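Novice: Below are the chains, spelled out letter by letter.
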Amino acid sequence: SAVISQKPSRDICQRGTSLTIQCQVDSQVTMMFWYRQQPGQSLTLIATANQGSEATYESGFVIDKFPISRPNLTFSTLTVSNMSPEDSSIYLCSVADGLLGNQPQHFGDGTRLSIL
Amino acid sequence: LAKTTQPISMDSYEGQEVNITCSHNNIATNDYITWYQQFPSQGPRFIIQGYKTKVTNEVASLFIPADRKSSTLSLPRVSLSDTAVYYCLVGLNSGYSTLTFGKGTMLLVSP
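Going down the list, the protein sequences come from chains A and B. Read the first sequence against my numbering and you will find it ends at 99, with the numbers running on by one and no gaps. Read the second sequence against my numbering and you will find it ends at 147, with the numbers running on by one and no gaps.
Looking at chain A on its own, in the form it has when it is part of the complex:
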């Protein structure tokens, strides 16, 4: 399965600032996803990022707050903009090599973000 690397693994940021999280995959993949996971909670999908097209955001998430780039088939970034303490969470990248939802996703180990 694909190996996914996320950077940074953790960060502590001041409110009002922005942070860009990188997701690098060791092979070309069709689909990349960004999730948020509050401590002790389940995962919530933020958006789907396909190369060559705009990211598709889930209800409750907007591009101005979470801009996403997908410049090629092995890389994506998620920016958390104008951060507030409510954005403190774990952000996870996942990948899948298929379009129909029947290929399993493979996850990175996440970025643990704390906002002061």
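Source of the hints: derived by calculation from the structure; they are not laboratory data. Being a predicted model, the structure only gives us computed values, none of them experimental.
If the Cβ cut is set under 10 angstroms, some of the chain A residues that face chain B in the computed set are:
#1 Ser(-16)
#2 Gln20
#3 Ser25
#4 Thr27
#5 Cys76
#6 Arg95
Distance condition first, Cα-Cα at most 30 angstroms in a straight line; then the derived BS3-like pairs of lysine-lysine:
#7 A:Lys(-10) / B:Lys139
#8 B:Lys139 / A:Lys48
#9 B:Lys39 / B:Lys88
#10 B:Lys105 / B:Lys139
#11 B:Lys139 / B:Lys39
#12 A:Lys(-10) / A:Lys48
#13 B:Lys39 / B:Lys105
#14 B:Lys39 / A:Lys48
#15 B:Lys105 / B:Lys88
Computed footprint of chain A on chain B; a stretch qualifies when at least three of its residues, placed anywhere within it, have a C-beta under 8 angstroms from a C-beta of chain A:
#16 77 to 86
#17 137 to 143
Cβ coordinates follow ideal geometry from the N, Cα and C atoms, glycine included.
Please build the complex by placing chain B on the supplied structure of chain A, with the hints as guidance.
Specialist: Okay, now just chain B, sitting in the frame of chain A:
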């Protein structure tokens, strides 16, 4: 959107077989059933996926009855390192955005 229901937690002892059942009453015809395992401070890890009947790999088995309204993840002879949260996902054929992680099952394996 196929919703899943799992037990919140389960306890077991080393060496026992553990079966975690997931209910998905409104599963659609083309849905697959996928199970993930998550350890603290790590991303979910794919365990097994199936569509019907039985699927087995080196770490687990997945049993799916004919009506596909439930599925059971079977972990043979668990060890302490199997202590984790296990998620059952059921996906619609319209793509990944319809996959929803439920609350998962916290499995605690004791000596």
